[in-house]
Amino acid sequence: MTMTTRQAPGAKHTARQRTAERFARQAGTGAGALLAKIALLAVLDATAVFAVFTALVRDSILIAVVTGVLTLVINVVYFKRGWLPAKYLIPGTVFLLVFQVFVIGYTGYIAFTNYGSGHNSDKDDAVMSLLQATQQRVPDSAGVPARILADGDDLALLVEREGQLLWGTSESPLAPADPAELEGYTELGFADLLARQQEVTSLRVALSEDPAEGSLRTTDGRTAYPYTSTLIWDEAADTMTDTSTGTVYSDTGVGAFTAANGQQLMPGWSINVGFDNFTRAVSDPSIRTSLLSVTAWTFIFAFLSVATSFFLGLFLAIVFNDQRMRGRKIYRVLSILPYAFPAFLGGLVWAGMLNRDFGFVNQMLFGGTSIPWLTDPWLAKFSVLWVNLWLGFPYMFLVCTGALQSIPEELSEAAKLDGAGPLAIFRLIKLPLLLVSVAPLLISSFAFNFNNFNVIYMLTEGGPRLETSGLNVGATDILISMVYKVAFVGAQRDYGLASAFSIIIFVVVAIIGIISFKQTKALEDLN
Amino acid sequence: MSRLPLDALPEIDTPRIPPAKRRGFATWFASTGWRHLIGVALVIYAAFPLLYVLSASLNPNGTLLSSNGLFSTVGFDSYVRLFDNPQRPFAAWFGNTLFIGLTTAAASVFLGALAAYSFSRMRFRGRRFGLVSLLVVQIFPQLLAVVAIFILLTTLGDVFPALGIDNQLALIMVYLGGALGVNTYLMYGFFNTVPVEIDEAAKIDGAGHARIFFTIILRLVAPILAVVGLLSFIGTTSDFVIASVVLVSPENQTLAVGLYQYVSEEFTSNWSVFAAGAVLAALPVMALFLFLQKYIVGGLTAGSVK
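Protein sequence lines correspond, in order, to chains A and B.
Position 3 of the first sequence, counted from 1, bears residue number 3 in this note's numbering, the numbering being contiguous throughout.
Throughout, this note's numbering is defined as the position within the second sequence, counted from one, plus 527.
Treat the hints as calculated values from the structure; they're not laboratory data.
Quick caveat, the model's predicted, so the values are computed rather than measured.
For every residue, glycine included, the Cβ atom is placed at its ideal position computed from N, Cα and C.
Just so you know, not all the hints are guaranteed correct.
[As the list claims (entries may be wrong)] Here are some chain A residues the structure puts well away from chain B; computed CB gaps all over 12 angstroms:
| hint | residue |
| --- | --- |
| 1 | 150 |
| 2 | 222 |
| 3 | 264 |
[Claimed, not checked] Which residues of chain A face chain B? A few of them, derived with a C-beta cut under 7 angstroms, are:
| hint | residue |
| --- | --- |
| 4 | 335 |
| 5 | 341 |
| 6 | 343 |
[Claimed, not checked] So the derived label-pair ranges between C-beta atoms look like this:
| hint | chain 1 | residue 1 | chain 2 | residue 2 | range |
| --- | --- | --- | --- | --- | --- |
| 7 | A | 143 | B | 619 | 44 to 50 angstroms |
| 8 | B | 684 | A | 262 | 33 to 39 angstroms |
| 9 | B | 592 | A | 296 | 32 to 38 angstroms |
| 10 | A | 73 | B | 574 | 50 to 56 angstroms |
| 11 | B | 607 | A | 423 | 56 to 62 angstroms |
Please build the complete structure, drawing on both the sequences and the hints.
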């Protein structure tokens with residue numbers, strides 16, 4: 001990166017000027033600023049060293065490397081003479097790269113995995129939790145005398161086996177009891193055992209580091225029994241065998257141990273599934289129909305939201321653009337109120353007013369009828385548009401007023417002299433001029449409403465639910481709320497599929513962006 | 528680059544045509560009277576829901592049904608009960624929202640101003656590429672990548688708990704990822720309007736780039752800093768998607784997440800308490816907004832046009 005400060009084009013620095021400039025710069029930078037810079041970098045470096053160390057301890061090589069490289073780059077930039085633009089750009093760029101650029105790319109990656117409920121981590125974790133989750137008491141096994149020790153919230157199990165005292169907790173496996181380690185623990189009495197029964201029965205102490213060996217558990221706090229998994233993990237053959245039924249589950253490459261009859265052991269692990277999420281979205285009828293209807297509604301919702309708020313705003317701007325009218329300012333301020341009201345609250349308040357049984361609209365305006373404003377698919381769509389109009393028209397009102405007032409009066413006066421009536425003046429002169437200046441705003445308003453999550457989710461939560469859909473989506477869901485619901489609402493979370501849906505939104509948003517760049521010529525304006 | 532001259536808004540009342548004397552009602556109605564009719568309808572549509580929340584919040588122990596009688600009873604019980612519920616710590620939500628919003632706003636302004644300064648005042652290789660990339664990146668709202676953000680924070684949290692799920696610092700850092708894209712462009716345009724001669728005069732007097740930036744430029748561009756800070760504050764405080772995914776435990780949540788859960792869990796019975804919360808949550812934002820309305824709308828327009 002070479003850098004010159006802004007100057008008259010063509011002017012060249014001579015060596016003397018450069019020297020003079022350097023002197024001036026050094027004279028201008030106080031010792032205090034330099035100290036502050038070194039102090040800040042020292043704090044940053046210390047934090048980074050600690051972070052890298054922690055990451056290495058926890059075996060996160062990737063995080064350690066990324067942290068290290070970023071810190072190194074920051075240090076080089078700030079300690080190297082020159083590279084001034086980089087000094088100013090790097091703080092924001094680091095955040096931009098990690099939390100905007102990287103996560104967009106990462107969304108693309110997740111769309112090609114089966115990440116979600118039951119497929120949350122890697123295969124080793126899945127094996128471990130399967131072996132732990134399927135443990136049962138070894139039939140006819142002998143119990144060993146046990147005592148429960150407690151240190152605050154932490155419970156420990158103390159057993160006597162073959163004359164030796166052994167102890168362990170849910171984290172550390174059974175080991176010979178060392179009096180020094182037991183310091184701080186007290187034995188639970190009968191009353192405590194009853195009070196903390198649930199904690200006691202869920203305490204499981206592994207017999208060794210190998211989960212296949214099983215664990216010790218106690219139901220009464222007096223006797224502990226060995227529990228082993230009903231599954232046997234054969235690492236060489238890559239299979240799980242259920243000892244109670246004899247079924248063999250093997251890794252068939254679908255991210256879970258699968259039996260010959262297709263039955264799967266959960267949890268599985270996350271794997272790369274290629275285009276599965278995308279083909280599923282297109283070929284699975286229950287997903288395809290909901291995806292199609294949601295996509296269509298997203299476009300309709302965004303388009304109608306822009307259209308209704310624009311036309312109401314334009315109409316009001318025209319009505320209140322008459323200078324003979326008094327009190328226009330009051331009307332204007334009062335009508336801006338919904339725009340100032342936080343949108344999420346607007347949705348929640350309207351949800352109360354439109355409530356079928358108790359809401360203000362049905363009770364007071366419609367005389368106690370039960371109109372299902374938010375629970376009938378078509379009325380819910382209408383209500384969403386109605387509330388979004390309430391939230392959005394003030395902006396269009398302001399914008400159109402400004403645009404109308406910026407049209408020179410001379411134009412309409414000239415047209416009047418040529419014999420044009422007020423309607424013709426509006427349709428042929430004012431409206432085209434207005435559209436030219438407002439069009440970019442309409443496009444960005446469309447893009448905003450395309451992802452207008454708050455109004456949908458706060459008002460209807462996307463409902464009423466589509467009955468034909470295999471997913472948890474409803475009649476008023478737009479793409480972004482569908483992504484949210486598939487990924488985060490309900491027991492069955494499917495991050496992979498949700499990310500695949502996100503990709504669709506990215507494509508649409510990119511297209512809108514290209515259109516708006518062409519419209520505003522913003523890219524050509526750069527100098 | 529067609530910027531709407533909204534600054535002209537408040538002055539439109541000046542060249543008033545003197546009203547004709549002793550007009551009949553019909554002429555008055557035909558010229559301006561009908562406009563007042565529309566105006567009244569407009570005000571009812573716009574302001575009624577707000578009046579309704581205010582009335583509901585003043586209705587002690589009000590359910591959704593009993594809130595329908597507007598201002599039938601007036602009392603502040605609901606406001607007291609709002610702050611008296613450990614399961615739904617409204618005071619904590621309010622504090623969290625302010626903390627997250629103000630921190631994000633201040634940091635966004637600072638990061639954006641640094642970047643805008645370098646783009647506006649320096650010429651370097653990759654400058655045009657940088658500006659174009661910012662313009663392209665900012666069309667993708669962060670909430671589209673909410674799934675990836677969630678998984679990234681879960682992974683980070685395993686290593687550094689301070690950057691994991693349910694941590695406000697992590698949420699602020701996520702928001703800062705969007706700071707450069709949205710704000711730099713807005714600021715860049717404003718920075719360009721400050722004459723370069725001022726920098727050069729300061730440089731001749733011996734000021735370094737940092738001193739020029741902190742003591743001269745930042746003061747001259749104060750209005751755009753206020754606008755960006757305000758937009759960032761409003762955007763952050765009304766975010767639900769990312770905040771609801773990142774913040775899990777009630778005492779860590781923001782108003783948007785907390786009040787949503789309030790409504791979805793005890794919808795009809797505690798309506799007046801929710802309404803009280805809504806009034807308190809909306810007041811600061813609305814006051815700021817109406818106070819700075821002119822700048823915000825101008826900023827919004829400029830931001831979306833450019």
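Hints versus structure:
In this structure residue 150 (chain A) is separated from chain B by more than 12 angstroms, as the shortest Cβ-Cβ distance comes to about 25 angstroms. No beta-carbon of chain B is positioned within 12 angstroms of the beta-carbon of residue 222 (chain A); the least distance is around 36 angstroms. No Cβ of chain B approaches the Cβ of residue 264 (chain A) within 12 angstroms, the least distance being about 22 angstroms, so the stated non-interface status holds. Look at residue 335 (chain A): its Cβ gets to within about 4 angstroms of chain B, closer than 7 angstroms, so that hint holds up.
Taking 7 angstroms as the C-beta contact cut-off toward chain B, the hint placing residue 341 (chain A) at the interface holds, the least distance being around 6 angstroms. Given the 7 angstroms rule on beta carbons, the hint for residue 343 (chain A) holds: about 6 angstroms separates it from the nearest Cβ of chain B. Taking the beta carbon of each, residue 143 (chain A) and residue 619 (chain B) are about 48 angstroms apart, inside 44 to 50 angstroms as hinted. For the pair residue 684 (chain B) and residue 262 (chain A), the beta carbons lie near 35 angstroms from each other, so the given range of 33 to 39 angstroms is met.
A hinted range of 32 to 38 angstroms holds for the C-beta pair residue 592 (chain B) and residue 296 (chain A), which are about 37 angstroms apart. Look at residue 73 (chain A) against residue 574 (chain B): about 53 angstroms separates their beta carbons, and that is inside 50 to 56 angstroms. The hinted range of 56 to 62 angstroms is satisfied by residue 607 (chain B) and residue 423 (chain A), whose Cβ atoms lie roughly 58 angstroms apart.
When held up to the earlier numbered hints, the structure conflicts with none and fits them all.
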